[in-house]
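Visitor: These are the residues of each chain, in order.
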Amino acid sequence: MAKSKMFGKDVVTTQELSVEEIENILALAVKMKANRYGEPYNSLLAFKTFIMFFYNPSLRTRQSFEAAATELGGHAQFIEPKAMRLKSVKKGVEVAGETIHDAAKVMARFAVGIGIRILETSVDNYGDGNKILREYAKYADVPIINMADDIYHPCQGLADVMGMREHNNNKPTKGKTLVQTWAKGALARSYCSVHESLLLNSRLGVNVKLAYPDDNYALPENIVEQAKKNAKASGGTFEIVKGDPKAAYEGADYVYSRNWFGKDFYEIGKEAEIKRASSDKYKDWICDEDKMKTANPGAKFIHPMPVDEDAEVTREVNRGPRSIVLDIAENRLHVQKAIMALTMSDKL
Amino acid sequence: MAKSKMFGKDVVTTQELSVEEIENILALAVKMKANRYGEPYNSLLAFKTFIMFFYNPSLRTRQSFEAAATELGGHAQFIEPKAMRLKSVKKGVEVAGETIHDAAKVMARFAVGIGIRILETSVDNYGDGNKILREYAKYADVPIINMADDIYHPCQGLADVMGMREHNNNKPTKGKTLVQTWAKGALARSYCSVHESLLLNSRLGVNVKLAYPDDNYALPENIVEQAKKNAKASGGTFEIVKGDPKAAYEGADYVYSRNWFGKDFYEIGKEAEIKRASSDKYKDWICDEDKMKTANPGAKFIHPMPVDEDAEVTREVNRGPRSIVLDIAENRLHVQKAIMALTMSDKL
Amino acid sequence: MAKSKMFGKDVVTTQELSVEEIENILALAVKMKANRYGEPYNSLLAFKTFIMFFYNPSLRTRQSFEAAATELGGHAQFIEPKAMRLKSVKKGVEVAGETIHDAAKVMARFAVGIGIRILETSVDNYGDGNKILREYAKYADVPIINMADDIYHPCQGLADVMGMREHNNNKPTKGKTLVQTWAKGALARSYCSVHESLLLNSRLGVNVKLAYPDDNYALPENIVEQAKKNAKASGGTFEIVKGDPKAAYEGADYVYSRNWFGKDFYEIGKEAEIKRASSDKYKDWICDEDKMKTANPGAKFIHPMPVDEDAEVTREVNRGPRSIVLDIAENRLHVQKAIMALTMSDKL
Numbered sequence: 001m002a003k004s005k006m007f008g009k010d011v012v013t014t015q016e017l018s019v020e021e022i023e024n025i026l027a028l029a030v031k032m033k034a035n036r037y038g039e040p041y042n043s044l045l046a047f048k049t050f051i052m053f054f055y056n057p058s059l060r061t062r063q064s065f066e067a068a069a070t071e072l073g074g075h076a077q078f079i080e081p082k083a084m085r086l087k088s089v090k091k092g093v094e095v096a097g098e099t100i101h102d103a104a105k106v107m108a109r110f111a112v113g114i115g116i117r118i119l120e121t122s123v124d125n126y127g128d129g130n131k132i133l134r135e136y137a138k139y140a141d142v143p144i145i146n147m148a149d150d151i152y153h154p155c156q157g158l159a160d161v162m163g164m165r166e167h168n169n170n171k172p173t174k175g176k177t178l179v180q181t182w183a184k185g186a187l188a189r190s191y192c193s194v195h196e197s198l199l200l201n202s203r204l205g206v207n208v209k210l211a212y213p214d215d216n217y218a219l220p221e222n223i224v225e226q227a228k229k230n231a232k233a234s235g236g237t238f239e240i241v242k243g244d245p246k247a248a249y250e251g252a253d254y255v256y257s258r259n260w261f262g263k264d265f266y267e268i269g270k271e272a273e274i275k276r277a278s279s280d281k282y283k284d285w286i287c288d289e290d291k292m293k294t295a296n297p298g299a300k301f302i303h304p305m306p307v308d309e310d311a312e313v314t315r316e317v318n319r320g321p322r323s324i325v326l327d328i329a330e331n332r333l334h335v336q337k338a339i340m341a342l343t344m345s346d347k348l
Numbered sequence: 001m002a003k004s005k006m007f008g009k010d011v012v013t014t015q016e017l018s019v020e021e022i023e024n025i026l027a028l029a030v031k032m033k034a035n036r037y038g039e040p041y042n043s044l045l046a047f048k049t050f051i052m053f054f055y056n057p058s059l060r061t062r063q064s065f066e067a068a069a070t071e072l073g074g075h076a077q078f079i080e081p082k083a084m085r086l087k088s089v090k091k092g093v094e095v096a097g098e099t100i101h102d103a104a105k106v107m108a109r110f111a112v113g114i115g116i117r118i119l120e121t122s123v124d125n126y127g128d129g130n131k132i133l134r135e136y137a138k139y140a141d142v143p144i145i146n147m148a149d150d151i152y153h154p155c156q157g158l159a160d161v162m163g164m165r166e167h168n169n170n171k172p173t174k175g176k177t178l179v180q181t182w183a184k185g186a187l188a189r190s191y192c193s194v195h196e197s198l199l200l201n202s203r204l205g206v207n208v209k210l211a212y213p214d215d216n217y218a219l220p221e222n223i224v225e226q227a228k229k230n231a232k233a234s235g236g237t238f239e240i241v242k243g244d245p246k247a248a249y250e251g252a253d254y255v256y257s258r259n260w261f262g263k264d265f266y267e268i269g270k271e272a273e274i275k276r277a278s279s280d281k282y283k284d285w286i287c288d289e290d291k292m293k294t295a296n297p298g299a300k301f302i303h304p305m306p307v308d309e310d311a312e313v314t315r316e317v318n319r320g321p322r323s324i325v326l327d328i329a330e331n332r333l334h335v336q337k338a339i340m341a342l343t344m345s346d347k348l
Numbered sequence: 001m002a003k004s005k006m007f008g009k010d011v012v013t014t015q016e017l018s019v020e021e022i023e024n025i026l027a028l029a030v031k032m033k034a035n036r037y038g039e040p041y042n043s044l045l046a047f048k049t050f051i052m053f054f055y056n057p058s059l060r061t062r063q064s065f066e067a068a069a070t071e072l073g074g075h076a077q078f079i080e081p082k083a084m085r086l087k088s089v090k091k092g093v094e095v096a097g098e099t100i101h102d103a104a105k106v107m108a109r110f111a112v113g114i115g116i117r118i119l120e121t122s123v124d125n126y127g128d129g130n131k132i133l134r135e136y137a138k139y140a141d142v143p144i145i146n147m148a149d150d151i152y153h154p155c156q157g158l159a160d161v162m163g164m165r166e167h168n169n170n171k172p173t174k175g176k177t178l179v180q181t182w183a184k185g186a187l188a189r190s191y192c193s194v195h196e197s198l199l200l201n202s203r204l205g206v207n208v209k210l211a212y213p214d215d216n217y218a219l220p221e222n223i224v225e226q227a228k229k230n231a232k233a234s235g236g237t238f239e240i241v242k243g244d245p246k247a248a249y250e251g252a253d254y255v256y257s258r259n260w261f262g263k264d265f266y267e268i269g270k271e272a273e274i275k276r277a278s279s280d281k282y283k284d285w286i287c288d289e290d291k292m293k294t295a296n297p298g299a300k301f302i303h304p305m306p307v308d309e310d311a312e313v314t315r316e317v318n319r320g321p322r323s324i325v326l327d328i329a330e331n332r333l334h335v336q337k338a339i340m341a342l343t344m345s346d347k348l
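Residue numbers (the numbering used here), protein chains in the order written: chain A, 1 to 348; chain B, 1 to 348; chain C, 1 to 348.
Source of the hints: derived by calculation from the structure; they are not laboratory data. Note that the structure is predicted; figures quoted are calculated from it, not measured. A hint or two may mislead.
You can't tell identical chains apart in this list, so a pair holds if it fits in one copy or across any two.
Below, a list of computed lysine-lysine pairs in the BS3-like style, where the Cα atoms sit at most 27 Å apart [what the hints assert, rightly or not]:
(1) 281 to 5
(2) 33 to 138
(3) 281 to 87
(4) 263 to 5
(5) 263 to 105
(6) 9 to 270
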């Protein structure tokens, strides 16, 4: 009966964890994957409650966190704040209700940890989702786990890295090359998975190439600046390849092709973004066999799923031998179990 | 620690199980009912996740599957695909999203089995629900359990038979007579429970009389043809009684009176169907004491519930000593536990 | 393996429990709080299902009951009757569906207990929610626990008392003084928590002062009459202080400041009620430091949460040392565990 050094810690982004903490999570996740339902892991959260708090619905995140709690012997509650009367300001109008202070404090009485998901579509401005999440973290007396906000997605980043290592003979990916490329599609996707990948892989010494068609699909400057700093510190490289959908593939060991919305998304809205990102102008921004051939032999296709098949990537690649998307999806479960165990269990 | 011969098997309809498999499920369900919360059953799915995937909501099905998972030591997740971005075609328009291939493959990473419910109101044409369910079964690497589709409902059929036997001194019902009769009502009910009853009882040597008022309420030809073949093979009889709400009751040991929608439902829609089935024309299509008197002494009233009291059956019969509907409702739990144990547990 | 004397008992209001039963619940809750996840409590409902049946959504109630079931080794199902086809009459029109008789009888086959929440906004007239809850209690063969109806809220009342005692050196509150005061606010709040507090505290010998601005905010006569009778029997006092937002505070040991809707709510509706209760006329009906200074030294602020901060109570008081609202919120969990164990477990 003991607690890890991470006991009680919030997990907002891997950027705010030490490399040692990141490695501890990944090492435990690997052990848990090898011994999925067995002791001692299956009683680490016995009889305990983890609250999943979904400002935005999500299937994958819910399924993996709920299974994680079950496999640790506990239970995850699926809660939607829309069922609550929360004090808030919506488009300038104050809505009466409970403060985040009180909501966080009470939930911490019932649960040993709280996951929060809050994306761009739940807030008015970029970063507000992360701010709200940090407000819960400020007041809750139990760990807050970021289940994806409008900036970060630590569990996805860790699952990516775990999968990339599994397909690198279980070795670290330092010195390998990751292409993180924008893709067309009709889903106006969030930044958070992409941001986390840039930040975490640059941190771990991976050479990162970020590709997108034009400045409107550039990512927020502070994220890019941080990734550059990370690369410098870790001995990796960070490069931006603009305008050419294929150029970045050369020398890639991992290709991460995924849509994200443009800078003007908060003004133009979802419909206009989807129309643009599906237009002919971007028809070549898809990961296909042809482009993959310019990557290194054995290069892998990665993606946080759900995949928008035949938009972000062809069926051939997505379902082919290069694709490790299912392993990465499964790894969400394992890294989340590891995070929950390290931050919430007193039986480690 | 062992697996049954059914381990890994999908359960789409009892028609696709062998009689031996059917008997194995029923035998295990009887044992589980006698030892509801006890060992060894309460750890067969310990720490494991069963996903309940509801295209259509359902209370009874959810309650019984969720309790089943709990009683086997595991946990059932309640998931509604409407929270997902699934690739689909709705009224001719393509909706961007995840393929069933990917959704099935990922869920199989999190869960040891997946239940799917998809009724006529979720699809455009008769049989499309079953097709979608079979597509999940094709790709998922864990068993798919049919929690009711637009054609079949195996768990209901098995619960019916289990109840019929319990009220037949725990003996098989071969040679007994079942009246499966259409009833009036305002709920435009699905075919699946009725189909499964016809198919399964005819398979087990029960003499089946199918009664309905007119050709519009005839059931799909392939189901009726299959039931006739089943009867022939099992030594039972299969008879259709048309136009008379009482005639079929003569000689009945079990009366199953329930509404179902007409052939033209997919064109005319729910409202028109309800209006018609509630009209005076059909006022005598209700199971009542008077009709039950023409059945055999000791004849039982059965129904998959929820009962539309005073439409499908009078309160007197539904709540009277002839009614075994509650036992059958409870049996849903037990047969589902047995199916889950046989197809998903490695501890049998 | 034994059952308590309360095994099988419905819990509709503390008014219908004996003082001995109330004390047994509170005593067990105290023990459970001191040994939250430990034996023998963590297996009292092992593998068993508790159904939470929410006509009205609620976060706190759901979280605390769901955690309670988990901590007792069982599982709570979150069910919303709106997903059911229940027979009902809405504004004079009959809706086809299942009877409460059948729904209650079937749920009792799946679960060892059923919690029901049904507030004023789900029914047409005051008291109809309680009537419906009692109809479930009539037919269900397992205990019905009131998770708040339009009259009563037993779990909240018990959690209040448990918290009041904790902050009275763990001693009974007989002879102490409770001010139950109406407060302004924009949430048109239910009666049930307030009723239960009046009934239960008067029963336990607490001197109760009920304060409100005018006759429109008087509480139903039968509740007030019952509280007066309770006070007489227990040796306490019961007093009404009308029109002055501060006068009642003198001599108070506990101040319970909370909004409730006016007598004409069922006619005027929520919007008009909120407009009135937020108007300048009632601006002084808030619990603040200034008023608290006229209470006894060490007086505590109590509230069932969620708190409408800066309407019902100032942030200073709500988050200050006088506030015991979080302890009371946590106690919901413990008293509910105790109630569930006493009424549903066969292992006590």
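Visitor: Is the C-alpha distance from residue 281 to residue 5 at most 27 Å within one copy, between copies, in both cases, or in neither?
Guide: neither (51 Å within a copy, 55 Å between copies)
Visitor: If the cut is 27 Å between Cα atoms, do residue 281 and residue 87 qualify within a copy, between copies, both or neither?
Guide: For residue 281 and residue 87, the Cα distance is within 27 Å only across copies (23 Å; inside one copy 44 Å).
Visitor: When Cα atoms must be at most 27 Å apart, do residue 9 and residue 270 count as within-copy, between-copy, both, or neither?
Guide: Classified as neither: same-chain Cα gap 35 Å, cross-chain 42 Å, threshold 27 Å.
Visitor: Between the shortest in-copy and the shortest cross-copy C-alpha distance, which are at most 27 Å for residue 33 and residue 138: within, between, both, or neither?
Guide: between (32 Å within a copy, 25 Å between copies)
Visitor: Pop the pair residue 263 and residue 105 into one bin, within, between, both or neither, using alpha-carbon distances up to 27 Å.
Guide: neither (36 Å within a copy, 33 Å between copies)
Visitor: Is it within a copy, between copies, both, or neither that the alpha carbon of residue 263 lies no farther than 27 Å from that of residue 5?
Guide: neither (39 Å within a copy, 56 Å between copies)
Comparing the model with each numbered hint stated earlier shows that hints 1, 4, 5, 6 do not hold.
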